[in-house]
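Participant: Here is how the chains run, residue by residue.
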Amino acid sequence: MSDSIVEFEGVTKQFGDFRAVDNVSFDVNQGRIFGLLGPNGAGKTTSIRMLTYILKPDSGSIRLFGTPVGSETQARLGYLPEERGLYKKMKVGEQLIYLCRLRGLTRQDARQRIRLWLERFDAYGWIGKEVGELSKGMQQKIQFVATIAHDPDCLIFDEPFSGLDPINSEMLKEVILELRDAGKTIFFATHRMEQVEQLCDDIALFHNGKLILNGNLDQIRSSYGHNSIRLRFTGDSRFLSELQNVRINNRSTNFAEIRLLDGADDQAILSQAQQHVRVQGFELVQPSIQEIFIDSVSGEVQG
Amino acid sequence: MIQKEKLLLIIQREYMTRLKSKIFIVSTILAPVVMILLLVLPAVIQTMSGDRVRQFLVYDETGIIGTEMVASDSAYYRMAENTPDELRESLMRGEIEGYLVVPHEVLDGQGKAVFYHGGTAGMSVTSRIRSDLQQIVRNIRLDRIEASEEVKQILADRVQTENLTITAEGEEAADSGFYMFLGFIMGFIIYGAMFGYGAVIMRSVMEEKTSRIVEVIASSVRPFELLMGKVIGVALLGLTQFAIWAVAGALLMVAAGPVISLFMGSGPETAQAAEAASDVAAFSIPPIGPMIWIGFVLFFLLGFLIYSSLFAAVGSAVDQESDSQQLQLPIIMLIIIPLMFLFPVSDDPASTLAVTLSMVPFFAPILMPVRMAVLQVPLWQFGLTIVLMIMTFVVLIWMSSRIYRTGILMYGKKASFRELWRWVREK
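Respectively, the protein sequence lines represent chains A and B. The opening position of the first sequence corresponds to residue 1 in our numbering, with each subsequent residue numbered one higher. The opening position of the second sequence corresponds to residue 304 in our numbering, with each subsequent residue numbered one higher.
Hints listed in this document are in silico derivations from the structure and should not be mistaken for laboratory results. Just so you know, even glycine gets a beta-carbon here, dropped at the ideal spot from N, CA and C. Among the clues, some could well be false.
[What the hints assert, rightly or not] Pairs of lysine to any residue, SDA-like flavour, derived with a Cα cap of 20 angstroms: (1) A:Lys91 / B:Lys325; (2) B:Lys307 / A:Val277; (3) B:Lys455 / B:Arg444; (4) A:Lys89 / A:Ala123.
[To be verified] If the Cβ cut is set under 7 angstroms, some of the chain B residues that face chain A in the computed set are: (5) Lys309; (6) Leu312; (7) Arg316; (8) Arg433; (9) Ser514; (10) Ile516; (11) Glu518; (12) Ala521; (13) Ser522; (14) Thr543.
[Unchecked claim] DEER-style ranges, computed between Cβ atoms: (15) B:Ser625 / A:Pro68: 39 to 47 angstroms; (16) B:Asp626 / A:Gly41: 52 to 60 angstroms; (17) A:Gly125 / B:Gln623: 41 to 49 angstroms; (18) B:Leu311 / A:Phe255: 34 to 42 angstroms.
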C-alpha cells in the first residue's frame with residue numbers, strides 16, 4: 001500500500017443515463033507502466049479525465065500521491081490526450097514554455113528542459129516555427145514533449161502511438177521505458193493489445209464502465225496456463241474452421257493462434273493440421289492479452 | 304480558489320498573442336480610417352461633384368430678377384431665350400439641366416417661382432437657388448420702398464444662438480448638439496465593441512476546442528480560470544485598442560484643426576456653406592468631462608464582461624462557427640435592442656423610458672454612456688446600474704463556466720438550449 005501512487009476507490013461517473021465509469025477501484029504502484037485497456041467507450045478516457053481533475057466523480061474518491069486529486073496534483077501530471085492538439089498560430093518554443101509554466105515551472109527551467117527534449121527528438125530546429133506549419137508527425141512529437149517537459153511524476157498517455165511512423169513509435173517506446181526506469185508512474189491507455197504486451201507491467205481491463213480484470217500482467221497470463229497454440233504452417237488454411245472446441249485468433253495466411261477450450265486436445269489438433277498443411281511451427285503458450293480480454297468480456301456477459 | 308499565477312499566465316497569453324496578431328493591427332488602423340471616411344466622404348464627394356459645370360436657365364417675367372441672378376453668378380445662371388414650353392422640350396431632350404420660371408407676382412410677395420429639373424438637382428442646388436432668389440427678391444422689394452441701408456442690414460442679420468447646459472455644480476457646458484453626437488458615437492463604438500470582442504472570445508473558445516488543445520489546458524487549470532483569463536485578456540486588449548485610438552485621435556485633432564479651417568475656408572459659395580465654414584473656423588471641441596470618459600470606459604468594460612461570458616458559453620457549446628448562429632441569436636438581440644432606443648434616449652435622456660432602459664444591465668453599456676454624454680446622470684442611477692451589472696456578470700460568468708466546463712469536452716453535436724440549461728444545473 002505504501003508505494004501506491006494512484007488510488008481509485010469506488011469511483012462512479014454518470015452522464016445523463018449513461019454510466020461511463022461504474023464503481024471502479026484499483027491501485028497503481030510507483031515506477032510501473034499501467035495499461036488501461038478496453039474497447040472504445042469502456043470508460044478509459046473518463047477515468048483519465050477524473051484523474052486529471054478535468055471531471056469530478058459522482059461518487060468514490062481518487063487519490064494521487066496520497067492526496068485527493070485537485071489543482072495541486074495537476075502540476076505533477078503529464079497528460080497526452082487521445083485527441084491531440086496545440087495552438088496552431090503559436091510558435092513551438094513559446095507554446096511549450098506556456099504549457100510548462102501552466103504546470104508550475106519557471107520560465108528558465110522550462111526553457112532548459114524544453115531544449116533538452118527537443119534536441120532528443122531532433123526537433124530543436126523547429127522552435128521558432130508556428131505549430132500549424134509542421135507536419136502531423138512533427139506536431140505529435142511536439143505534443144509528446146509538451147506532456148513530459150515539466151518532469152511530472154505521473155504520466156498519462158492515451159493512444160500515444162496512433163499516427164506515428166514505425167521509427168518514431170520505437171523512439172517513443174524507448175523514452176516511455178526510460179521514464180519508467182527513472183521512477184515515473186505511467187498510465188498507458190489503448191485498445192491495441194500487442195502494445196500492451198510489449199510495455200505494460202500491470203493492467204486494468206474496462207468493459208462497459210466496469211473494471212473486469214486488474215493486476216500484474218505476467219500473473220494474469222500465467223493464471224490462464226499454457227492453453228493456447230501458436231501454429232505456423234504453409235498450405236490451405238481452411239481446415240482451421242473445422243476444428244472443434246477452439247477459438248481462432250490473429251489468423252493470417254500462414255499463422256493462427258488457437259485457444260483450447262474445454263475438451264480440446266492439442267495433440268489431436270496437431271495431427272489434424274498435419275493432414276491438411278505443412279506444419280512449420282507448433283508451440284503451446286500462455287494466452288495473448290487479446291485472448292484474455294475476449295475471455296473476460298464474454299465471461300462478464302455470461303455472468 | 305483561483306490560482307493567481309496561472310490566471311496571470313493565461314491573461315498574458317490571450318493578450319500578447321492577440322496584440323501581435325494581424326487582425327488586431329489591421330483593425331486598429333482600419334476602424335478609425337473607415338469611420339473618418341464615413342464622416343468625410345460625403346463632404347468630399349459633394350466638393351468634387353461641385354466642380355462639374357452646372358448651369359440653369361432663368362425664364363424671367365419680371366425683367367429684373369433674372370438679370371440680378373445672372374449678375375450674381377453668370378456661370379451658374381443664364382437668361383432663357385425661349386418660351387417655357389421650348390425649355391421643357393430641351394430639358395426632356397437632356398440639352399439643359401434645369402430652368403427656373405419666375406412670375407410677375409413674386410415681386411409682390413405672391414405667386415411662386417418654379418424650378419424644373421430632370422431629377423439631377425440635389426439638395427444643394429435647390430437650396431442655393433432658393434436662397435439666391437430670396438435674397439434678390441428681398442433687395443428689390445426693399446429698394447422699391449426706398450428702405451434704408453439699416454433696414455436692409457437688419458433683415459440680413461442672423462440671430463446668433465447658443466445652447467448652454469448648467470450642471471448642478473453651476474458649470475456651464477456648451478453645445479448640447481455636440482454632446483448628443485458624442486453620445487451617439489460612444490454608443491456605436493460600444494455596440495461595435497460588444498460584437499467585435501464578443502466574436503473574438505467566441506472564436507478563441509472554439510479554436511481551443513476544435514484544435515483539441517483544451518483538454519491539455521483543462522488538465523492544468525480549472526475551466527473557470529481559463530475562461531476568466533480569456534475574458535480579462537481580451538478586455539485588456541480592447542482597452543489597449545481604445546487607448547491607441549484616443550491618443551491617435553488627440554494628436555490628429557491638434558494637427559487637423561488648422562488644416563480643416565484652411566480647407567473649408569477656400570471659397571464658400573452659398574450661404575449655408577459660408578455658415579458651415581464659419582462654424583468650422585470657430586470649431587473647437589467642447590470639453591468632455593472626466594465623468595464621460597470614466598463612464599465610457601466603465602460601461603464598455605462591464606458590458607464587455609457580460610456579453611463575453613455569454614459568447615464564451617456559445618463558443619464552448621458548438622464545434623464550428625456556422626453552428627453558433629442559433630445560440631447567438633438571443634445575445635445579438637440583446638445588443639441590438641438598445642440601439643433602437645438610441646435616438647429617443649438621447650433626445651429626452653431624463654424620461655422614464657430612458658432612465659429605465661439605461662439601467663437594465665444588458666442595455667446599459669450602450670444607453671448609459673449616451674445619457675451621460677447629454678446630461679448629468681444622478682449618482683444613484685449610475686451606482687445602482689454598476690452594481691446591477693456586476694451582479695449580472697457574476698451570475699452569467701458562473702453559468703457560462705458551467706456550460707463551458709461541459710461544452711469544451713463535447714464533440715460532434717450541437718447543443719440545444721435545453722442541454723445548456725442541464726449543463727448549468729449539473730453537479
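Participant: Next step is simple, just say for each hint if it's right about the structure.
Facilitator: Here's how the hints hold up against the structure:
| no. | hint | in the structure |
| --- | --- | --- |
| 1 | A:Lys91 / B:Lys325 | holds (15 angstroms) |
| 2 | B:Lys307 / A:Val277 | violated (71 angstroms) |
| 3 | B:Lys455 / B:Arg444 | holds (10 angstroms) |
| 4 | A:Lys89 / A:Ala123 | holds (18 angstroms) |
| 5 | Lys309 | holds (6 angstroms) |
| 6 | Leu312 | holds (6 angstroms) |
| 7 | Arg316 | holds (6 angstroms) |
| 8 | Arg433 | violated (60 angstroms) |
| 9 | Ser514 | holds (4 angstroms) |
| 10 | Ile516 | holds (4 angstroms) |
| 11 | Glu518 | holds (4 angstroms) |
| 12 | Ala521 | holds (5 angstroms) |
| 13 | Ser522 | holds (4 angstroms) |
| 14 | Thr543 | violated (19 angstroms) |
| 15 | B:Ser625 / A:Pro68: 39 to 47 angstroms | holds (42 angstroms) |
| 16 | B:Asp626 / A:Gly41: 52 to 60 angstroms | violated (24 angstroms) |
| 17 | A:Gly125 / B:Gln623: 41 to 49 angstroms | violated (34 angstroms) |
| 18 | B:Leu311 / A:Phe255: 34 to 42 angstroms | violated (59 angstroms) |
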